[in-house]
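Q: Each chain, letter by letter, is given below.
2 protein chains.
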Amino acid sequence: MAARSKPEGGNGGRPSEFALIEDLFAPLAAGAPGAYGLKDDAALFSPSPDHETVLTVDAMVAGVHFLPDDPPETVARKLLRVNLSDLAAKGATPRGYLLVTAWRAETSVDWMRGFAAGLMEDQNLFGISLWGGDTVTTTGPMTLSLTAIGEVAAGQMIRRGGARPGDDIYVTGTVGDAALGLSVLRGALDMPDTADAAHLVRRYREPEPRTAFGPKLCGVAHAALDVSDGLMADLGHICEVSGTGARINMESVPLSRAARAALARDPRLVEAVAGGGDDYEILFAAPPDRASKIGAIAAESGISATRIGTMTEQSDGVSAIDGAGNKIALKQLGYRHF
Amino acid sequence: MAARSKPEGGNGGRPSEFALIEDLFAPLAAGAPGAYGLKDDAALFSPSPDHETVLTVDAMVAGVHFLPDDPPETVARKLLRVNLSDLAAKGATPRGYLLVTAWRAETSVDWMRGFAAGLMEDQNLFGISLWGGDTVTTTGPMTLSLTAIGEVAAGQMIRRGGARPGDDIYVTGTVGDAALGLSVLRGALDMPDTADAAHLVRRYREPEPRTAFGPKLCGVAHAALDVSDGLMADLGHICEVSGTGARINMESVPLSRAARAALARDPRLVEAVAGGGDDYEILFAAPPDRASKIGAIAAESGISATRIGTMTEQSDGVSAIDGAGNKIALKQLGYRHF
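Top line first, the protein sequences correspond to chains S and W. Residue 1 is where the first sequence starts when you use UniProt numbering, and the numbers rise one by one after that. Residue 1 is where the second sequence starts when you use UniProt numbering, and the numbers rise one by one after that.
If you're looking for bench data, these hints aren't it; they were derived computationally from the structure. C-beta atoms are modelled at their ideal positions from N, C-alpha and C, and glycine is treated no differently. You can trust all of the hints, since none of them are fake.
Straight-line alpha carbon distances no greater than 30 angstroms define the calculated BS3-like cross-link-like pairs of lysine-lysine that follow:
{"id": "1", "chain 1": "W", "residue 1": "K327", "chain 2": "S", "residue 2": "K39"}
{"id": "2", "chain 1": "W", "residue 1": "K39", "chain 2": "S", "residue 2": "K293"}
{"id": "3", "chain 1": "W", "residue 1": "K39", "chain 2": "S", "residue 2": "K216"}
{"id": "4", "chain 1": "W", "residue 1": "K293", "chain 2": "S", "residue 2": "K39"}
{"id": "5", "chain 1": "S", "residue 1": "K39", "chain 2": "W", "residue 2": "K216"}
{"id": "6", "chain 1": "W", "residue 1": "K216", "chain 2": "W", "residue 2": "K293"}
{"id": "7", "chain 1": "S", "residue 1": "K216", "chain 2": "S", "residue 2": "K293"}
{"id": "8", "chain 1": "S", "residue 1": "K327", "chain 2": "W", "residue 2": "K39"}
Chain S residues, not near chain W, derived (Cβ > 10 angstroms throughout):
{"id": "9", "residue": "L20"}
{"id": "10", "residue": "A26"}
{"id": "11", "residue": "P27"}
{"id": "12", "residue": "A117"}
{"id": "13", "residue": "N124"}
{"id": "14", "residue": "A198"}
{"id": "15", "residue": "M250"}
{"id": "16", "residue": "L255"}
{"id": "17", "residue": "E313"}
{"id": "18", "residue": "A329"}
Using the sequences and the hints, build the whole thing.
A: Okay, here's the thing in structure tokens:
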């Protein structure tokens with residue numbers, strides 16, 4: 001873990017970055033022998049026997065991927081979880097992570113402590129540790145990035161490509177909550193029920209990576225990814241790489257009670273459900289004869305999986321239909337961050 | 001490789017980020033099967049048999065770690081090389097990397113193309129590939145981070161800890177050039193000889209990671225790191241973790257012709273040599289009976305290694321002496337980025 005400016009730099013009266021790293025981050029590395037207490041230049045990792053290493057990285061910018069007044073604990077958890085979600089969708093089990101923080105000079109030590117506390121809480125939840133990182137200062141918006149490292153049985157990583165016409169399309173959990181939650185936070189969506197509003201906001205701020213579900217899809221799903229760009233856009237990604245088309249039945253798309261309430265009041269919000277991002281659910285394709293296996297995985301992991309459509313020939317394109325079988329025109333096919 | 005904003009976002013008339021990734025970055029992943037052409041959510045890696053994975057990450061902020069008007073090719077190479085330098089100092093051989101770019105809306109496509117060209121050039125030089133990454137936009141200074149992944153024979157990674165009193169202290173190449181080069185770029189150091197000035201600037205902009213040297217130190221050096229914070233500060237890091245002191249003979253510290261010329265004109269620049277950072281040479285400790293082995297490694301790799309001091313008892317502290325054996329007072333023990 002390198003702090004790229006020196007103690008004598010002062011940092012406007014806050015503790016030196018070396019001391020901060022020691023204080024805030026070293027406890028996050030305590031569980032990982034290969035992190036060397038963040039006192040070396042690199043981390044060491046070996047996956048379990050007959051496993052391969054899976055790596056992914058995602059960055060978040062204040063004002064783009066999170067709101068500047070989001071609590072630091074949830075910013076930390078979101079940063080970690082969006083990456084764990086990528087691993088889960090590939091069938092990988094998370095092991096550790098590297099962290100880069102570009103904080104502002106005026107970022108308070110309290111904020112940093114909250115950030116570290118959020119990481120610690122999730123580390124315990126997901127059984128992972130901090131292995132290393134870098135700390136820099138920016139005059140621009142806070143920018144955070146995280147490299148997550150996991151492992152998967154050799155040859156078993158679930159790819160985006162691999163879906164075949166005739167495969168069932170599934171999604172875990174519920175879709176659209178995060179996009180609606182962002183609308184609530186921006187004051188663009190009025191939710192009279194405060195519990196519903198809180199549910200949507202939490203889903204936006206703290207995605208739930210399906211780490212208990214994804215690894216069980218190895219050898220079961222033909223293709224998978226996590227829904228970050230939006231249901232239809234991400235389905236398009238699978239189709240593009242797999243060389244298939246897809247047809248989604250919008251009435252099958254699983255919605256939370258809060259999302260159903262929002263849609264009941266304004267049916268146009270279906271576009272936020274189909275096109276909104278940040279769900280971090282696993283979207284996957286599997287042959288119909290694996291339906292009972294998928295049901296068993298859902299039961300074991302306590303995470304629902306709903307069949308929402310069918311993979312088709314590439315020439316059919318990617319479409320959403322309503323209950324009567326009519327195509328729905330969805331303007332907002334991909335999610336644009338605010 | 002995820003682009004975190006959508007094509008319809010427009011991005012001020014420049015090609016969409018998806019298209020840019022395709023265009024600029026996909027060729028950088030061509031050599032790595034586990035990168036899946038940057039069309040998946042994660043990369044897959046297995047080290048060679050009986051090897052472990054070594055991971056490191058470093059970030060650079062425009063105006064802090066590089067100058068906003070540095071050529072994009074050299075910014076790319078510096079970003080890659082500072083990370084390869086960490087791997088080399090650990091005895092690891094680089095294999096691939098993940099890249100996060102936080103570009104500004106006004107960052108030109110030409111700049112990005114230059115950046116990618118710089119990466120490609122160095123990939124070919126170091127035998128590595130891009131495995132994945134993330135692209136975001138910031139309203140602040142451009143921020144770049146890179147996770148480098150390498151491999152080392154199991155159990156052979158060279159740590160910071162491990163130095164013992166009586167070990168010889170060595171450094172590869174020459175020290176101080178980068179700090180002096182930064183002074184040249186900032187107009188703070190006048191070098192009448194333009195070749196000398198160009199040498200110093202190049203050493204600042206394009207560090208030379210000692211990838212041909214570092215892996216040969218496995219089983220030879222007791223401890224190593226790369227000089228990024230400054231010679232004395234980094235020596236202090238080794239001593240801190242190893243529980244030793246150290247004494248450097250400043251007259252033994254290897255200097256380039258350009259650095260010697262600068263010091264001849266202004267002897268006070270010795271502080272930039274001892275305290276300046278960004279050298280990215282390997283500083284290491286090894287027992288005296290390995291001197292001939294180290295000489296052979298230097299000859300094989302074509303990279304010089306100079307004995308500059310001795311590890312001592314911790315109670316002796318970390319000091320620099322002149323040719324007469326007198327302690328030199330060095331104010332600037334650590335490097336502060338501009």
